[in-house]
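Engineer: Position chain B against the provided structure of chain A, taking the given hints into account.
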Amino acid sequence: MTYSATRTRILRGLTLAAAVLFVIGLYLALFWVGPEKEQGAAQRIFYVHLGSFLGAFIAFAATVVGGIAYLRTRDPKWDIFGLANVEIGLGMSAITIVTGMTWARPIWNTWWTWDPRLTSITIMWLAYAAYLMLRSGIEDPERRRRFAAVYGIVAFASVLFTIIIIRVRPDTIHPVVAGPTQADPTGGFDVTGRIRDTLFFNLFSFAVLTVVLIWYRIRLENLSQYVMRRKLEVLSEL
Amino acid sequence: MTVSPEPTTSPAPTDAVSARPAATTRARARQRLTPFWRAVAAIAWKDLRAEIRSRELVNSMVLFTFMTVMVFSLALELDKEARQTTVAGVLWVTVVFAGMIGLSRSLAAEKDRGSLDALLLAPIDRSALFFGKMIGNLLFVLVIALVLQVLLTVLFNVTLIRPLLVLVVLLGSVGFTAAGTLLSSMAVHARAREALLPIILMPVVLPVLISAVRASTAILEGLPRDDWFPWIQLLAVADVIFLAAGYGLFDYVVEE
Chain A
1 MTYSATRTRI LRGLTLAAAV LFVIGLYLAL FWVGPEKEQG AAQRIFYVHL GSFLGAFIAF
61 AATVVGGIAY LRTRDPKWDI FGLANVEIGL GMSAITIVTG MTWARPIWNT WWTWDPRLTS
121 ITIMWLAYAA YLMLRSGIED PERRRRFAAV YGIVAFASVL FTIIIIRVRP DTIHPVVAGP
181 TQADPTGGFD VTGRIRDTLF FNLFSFAVLT VVLIWYRIRL ENLSQYVMRR KLEVLSEL
Chain B
1 MTVSPEPTTS PAPTDAVSAR PAATTRARAR QRLTPFWRAV AAIAWKDLRA EIRSRELVNS
61 MVLFTFMTVM VFSLALELDK EARQTTVAGV LWVTVVFAGM IGLSRSLAAE KDRGSLDALL
121 LAPIDRSALF FGKMIGNLLF VLVIALVLQV LLTVLFNVTL IRPLLVLVVL LGSVGFTAAG
181 TLLSSMAVHA RAREALLPII LMPVVLPVLI SAVRASTAIL EGLPRDDWFP WIQLLAVADV
241 IFLAAGYGLF DYVVEE
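Keeping their order, the protein sequence lines are chains A and B.
Here the first sequence stands for residues 1 to 238, where the numbers follow this note's numbering.
Here the second sequence stands for residues 1 to 256, where the numbers follow this note's numbering.
In isolation and in its complexed conformation, chain A is listed as follows (with noise of 0.2 angstroms):
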């Protein structure tokens, strides 16, 4: 198991950068920027919330392309790359959807509603999570490989949804921030100073966190498999 020292010098850079940014990512959005005029401090949660669904949709649609390269190639660092995003993407949009409930309880008045966007993105979460058991149902490594990248790309279609059904549907209650709706056909961002200077730092500091938190996780994979084989050559000597 040995990588090449600039490979790791550029993660150690990478991991230091993404525990900087988001230490001051949460500074802006605690500290810095102001409460919002209806909201309040409650709305200060929106910048990790929207962060950690940027993370996901990142870690997501690598899996898409993670999937893509192993059919075309068969090469298992595609596969370990894809499982490496499928957890990293779980992760987030957990994140997403705690912090969402945290802010839907004083704002809403109620921790979970059947609202559209909330029940896709909890669709998104559980497709993936299937992606997980389907990995752990298959035996033969080569056809679970074969398998994850096909679900893996299939399951995107979960992520789309979430991402187009607020803005085909009127009767949803969740805001958005950006790109058209129905009240508001042309598009537009409706967010500006602070708030917005706020927000693209964190979207930049959790796309940051992502890859590197998606890095490790390829790398404690290629360990853990690794040591498998260790353990399997030292019983064959026995």
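For the record, the hints were derived by calculation from the structure and aren't laboratory data.
Do not take every clue at face value.
To be verified - Quick partial rundown of chain B residues pointing at chain A, CB under 10 angstroms, derived from the structure:
1) E56
2) V58
3) I101
4) L206
5) P207
What the hints assert, rightly or not - Quick list of simulated restraints, FRET-style, between CB atoms:
6) Q233/B to I107/A: 25 to 33 angstroms
7) I107/A to L48/B: 25 to 33 angstroms
8) I173/A to R49/B: 49 to 57 angstroms
9) L48/B to E233/A: 51 to 59 angstroms
10) I68/A to R191/B: 26 to 34 angstroms
11) K80/B to Y216/A: 18 to 26 angstroms
Heads up, the beta-carbon is just placed ideally off N, CA and C, and yes, glycines get one too.
Structural biologist: Just chain B now, kept in the frame of chain A:
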């Protein structure tokens, strides 16, 4: 899509035929490849004929449908108003669960009998196999949906046999069976296949299910066009996505 005289062969280099000299085999296979839609029709017809003779699947699906409707009407204690708003949900949940029985049998039976290998060896395009299997499954699901529409109309006194609703049923069933055929062909290889299929299939088809239920309810309540048309659009989009996914990815699922 048209009948192509020379459909592309499976793109995967590691095919079952690789034991023999690959180039000549492939050249010969290409010559004898059955036209795409004839292969599709043959597979669908084979499934249909087997089912007409044995009737084991449709019988169990129809009986299951009856029982589910019973369970729903007992569990929900539907009064007149509740029926109007929940009948679409009852319809679709029953279609999905009954359809799942058919889907899990469709490829599992082929695998258990060993006829899956024969199908894979046949000189046909692999995606023809997908569409053939899918059309077979679709017909079973449509039979169930039709039986249900009559049954619910009679038992719940809500007229479900309307042209628009038939359209929604058709679109919803296409999406469900397209995703279902693709995923059930993966689930047959799993350790606990009957348990795995619902887990991997449900989240994928839930968007179809939600759109179908919303569209059906809006149509049944006689709401204006704006209330149900977006859902039908969404259904059509989902159908196209799942059909394309099945067409493109089935090759990779069944190769061996």
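Engineer: Each hint should be assessed against the structure and marked as holding or not.
Structural biologist: Against the structure, the hints:
Against a cut-off of 10 angstroms between C-beta atoms, the interface hint on E56/B is violated, since the closest Cβ of chain A lies about 26 angstroms away. Violation of the interface hint for V58/B is found here, the shortest Cβ-Cβ separation to chain A being roughly 28 angstroms, above the 10 angstroms cut-off. With 10 angstroms as the threshold, the beta carbon of I101/B stays out of range of chain A, its nearest partner Cβ sitting at about 19 angstroms, so the hint is violated. Because the closest C-beta pair between L206/B and chain A is about 5 angstroms apart, less than 10 angstroms, the hint holds.
Given hint, P207/B at the interface with chain A, holds; its Cβ is 5 angstroms from that chain's nearest Cβ, closer than 10 angstroms. Taking the beta carbon of each, Q233/B and I107/A are about 31 angstroms apart, inside 25 to 33 angstroms as hinted. Judged by the Cβ atoms, the range 25 to 33 angstroms given for I107/A and L48/B is violated: they are separated by roughly 54 angstroms. The hinted range of 49 to 57 angstroms is satisfied by I173/A and R49/B, whose Cβ atoms lie roughly 52 angstroms apart.
At roughly 53 angstroms, the beta-carbon separation of L48/B and E233/A lies within the given 51 to 59 angstroms, and the hint holds. About 27 angstroms separates the C-beta atoms of I68/A and R191/B, a value consistent with the hinted range of 26 to 34 angstroms. In this structure the supplied range 18 to 26 angstroms is violated for K80/B paired with Y216/A, their Cβ-Cβ distance being about 59 angstroms.
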